[in-house]
Amino acid sequence: MTIDTTTAADDLRSADVSTLFERLGEVWVELEEYLERVPVLRRLGDGTVTIDDYRRLLFNLRQQVVDGSPWISRAASNFDIDHFELRAAAIKHAEEEHRDYLMLERDYVAIGGSLAELRAGRKNLGSEALSGYMFHYADQPNPVGLLGAMFIIEGLGAKRAAGWAGRFQEVLGLADSQVHFMQYHQEADSEHTGDLEAILTSGMIDDAAADEIVRCAQVVARLYALQLEELDR
Amino acid sequence: MVVSMGSTATAYLTGFGRYLPGDPVDNDGIAARLGGDDAVTERIRRRILDANGIRQRHYALDEHGEPTELNEELAVKALRAAFDDRGIDASEVRMLACATTMGDVLVPGFASMVHGRLGGGPMQLLSASGVCASGLAALDAAVSKVRLGDHPLVAVVGSELASRSLRQRRFDHIRAGMDSHFLRWMLSDGAGAVVVEFQPHPSRPSLRVDWVRQVSLAHEHDVCMRAGMDGTEPVVGGTWQDVGVAQAEASGMFVLRQDVTVLDDLAEAGIRQFEELVDIGLVDVHHLDHVVCHYSTNAFRDAAFDGLRRRIPSLDTDKWYSNLETRGNTGAASIFIALEEAWSTGRFRPGETILLAVPESGRFSFAFAHLTVVAPPDQQGASK
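Note that the protein sequences, when read in sequence, are chains X and Y.
According to this note's numbering, the first sequence is numbered sequentially starting from 13.
According to this note's numbering, the second sequence is numbered sequentially starting from 1024.
So that you can see chain X by itself, here it is in the shape it has in the complex (with noise of 0.2 Å):
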C-alpha cells in the first residue's frame, strides 16, 4: 500500500473518490443486511426486546469497546512520518474515545448490572473475531485500510446507535442517563464521520489503498454483525 502525496492528477483522484464512496456505500448495504438477521435488533424492531437484551447488549460491547482506543493507538503508532496526517488523526481519535467505555459501564449499572461482573466479563466468539483482526491490522506498518473499519463503527455509531436507543427507551422506558453511550455516539461518531470523509477525500487515497479500505471495511462489517449475533457466546 502506498498513499500518492504528490498533487498531480487531481481529476484521476476525484474519480477514485466517488468510486470509493460508492464501493463504501455497497459495504455499508452488506451490514444493513446482516444486522438485519441480528436476532436483538430484530427484537428491538418489532418491539419484544427486554432489558435482559440490553443488558446483555451492554455487556457484550463492552467488551470490546474497551480495545477501541488501543488499537487506534496502535495503529497511530504504526505510521510513518509519511503519513503524518493519519498518524495525527489517530492519535486525536484514540484520545477522544478511550474513556467512551465508562459511559458504557455507567448505562449498565444504570440498569441495575453489577460493575465487578461487567469487568470481568470476557469478549464473545464475535468480538474475538473483531479485535483479533483489528490489533492484527494496526500492527502492519501504515494501515491506511483501518479507515475502512473506521467507516464502519463510527457509522454504526452516527447512523445507527441513536435510533437503537431510542427505540430501546420506547420499548423498555429508560430515562436517559440509562442508554448514554448509544444516544452520545450519534453526536462523537457524526463527528468522526465527517472527519474520515475529510480524510478519504483528501487526496491522499491511491488505488491501493482504496482496495484496502474496501476490503478491511468488509471484514469489519462481518465481524461487527458477528459479535451482535454471538451474544454470551
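Among the hints, a few may not be true.
Coverage of chain X stretches by chain Y, computed from C-beta distances (three or more under 8 Å per stretch; other residues unrestricted) [to be verified]:
no., stretch
1, 121 to 129
2, 179 to 190
Some chain Y residues well away from chain X (every beta-carbon gap over 12 Å; in silico) [unchecked claim]:
no., residue
3, A1164
4, I1335
5, E1375
Derived Cβ-Cβ restraints for the label pairs, each shown as a range [unchecked claim]:
no., chain 1, residue 1, chain 2, residue 2, range
6, X, E108, Y, I1335, 55 to 65 Å
7, Y, D1049, X, G59, 51 to 61 Å
8, Y, L1148, X, A128, 19 to 29 Å
9, X, E108, Y, P1145, 54 to 64 Å
10, Y, P1145, X, F147, 32 to 42 Å
11, Y, D1107, X, E182, 46 to 56 Å
12, Y, D1049, X, L127, 48 to 58 Å
13, Y, W1234, X, G59, 23 to 33 Å
14, X, R54, Y, L1129, 54 to 64 Å
15, Y, P1373, X, H148, 51 to 61 Å
16, Y, R1372, X, E129, 30 to 40 Å
17, X, E129, Y, T1255, 49 to 59 Å
18, Y, D1049, X, E129, 25 to 35 Å
19, Y, G1144, X, F147, 34 to 44 Å
No lab work stands behind these hints, which were simulated from the structure alone.
Positions of the beta carbon are idealized from the N, C-alpha and C atoms, including for glycine.
Dock chain Y against the given chain X, drawing on the hints supplied.
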C-alpha cells in the same frame, strides 16, 4: 447533532412487605403494656378507642411493657419481607429511603442505622423525618431517582415504634389532657416497605407510580402534633434541647401531643387538597378504582366521606381501603402497611388505578400518590 430528548424512566412498585411486632393486642390488652389502669384513664381510653375505631394493634413491647425490638429492626424486617416478595437480595438495592417520626437514637440518621443492620452493598440513603406523610416523602424521593435513571432499584420503608413513649412512666406527674390521650391510645408500632424499580415485575402485576405529590400548609397553620416543645409556639431557649432533659421531662415535653381542637380544620384542608387534585386533573374520579387512605381515626374517615359526598356525589366510598381497625395507626408506616395488605389480599386488578392519601397533622401536610396496576410484560403482548 445535539441529543436533547430528556426522557425519564418509569417507576414501578414490585415488592411489598410489612412487619408488625408481636401478637395483635386487643383493646383489653393495652393497659398491660402502656399502663394507665386507673379509673379516670380507663374511662378516657374507652372513649378514645370508641371514637378511633381501632380494635387491635401491635406493640414492640412485651406483656410487661418492656421493649422487645428497636425501630430499626422493625424497618429491616419489613424490608426483608419486601425483598422476599420481590425475590431479591439486599445487595441489589442501590438506594434506601427511610421514613420515621422518631428513630431509636438522636444521631445518626435513621436510614444509616437501618442500612447498617440490613447489610447489602454501598447505597444512597435518605432519612425522611416528619410524621405520617414522611412515608410518601421517602417514596417520592425513591421514585424520582428511579425515573431519572440514577438507580434501577430503590427500597422504601416507613417504620414507627411509638409505644415506648406512650408508656405510663412518661405520664407520671405530667399534666396529660386530651391532647396526649388522643395519641396515646391511637398510635402503635409497625413497618411497611416497598421495592421501587425502573422495570415492572417480570412475571406478576406491578404498581406503576404515575405521580407523587406532597403539600405543606404550615405557612398558615400552627403546630398541631408535637413533642420537644412547650405549647405550640417554638421559643428560643425553650426547646427540650435548651432547658435540660430533666426539666423537659418534668414539663411534659417528651409526651407526644396533638391539638385536638384543630382536627376539624385538618380534615377540611385534606378534602380541599383532594378536590384540588380533581380540579387540576391529576385525579379523575370516574377512573379512580381504589383509594388507600391513612387516617388516624374513624372519626376522620366519616368526616372526610361526608365532606366528599357533598362535593363529589359520584364518589363511591366503597372504593376506600384502610386497615386502621386491625393494624392500628402506625404513622409513617401506615400507608405501606395498608398498601401491602390491599395488594396481598388481591384487591387490585391490572388496569385499575389507586390513590394513596396521607394527611399529616404535624403542621398540616398532605401527601398523595397515584398508582396504576400493570400486568407483567409477558402478558402485555408485543407492543408498538
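* Hints the structure violates: just list their numbers, smallest first. => 9, 11, 18
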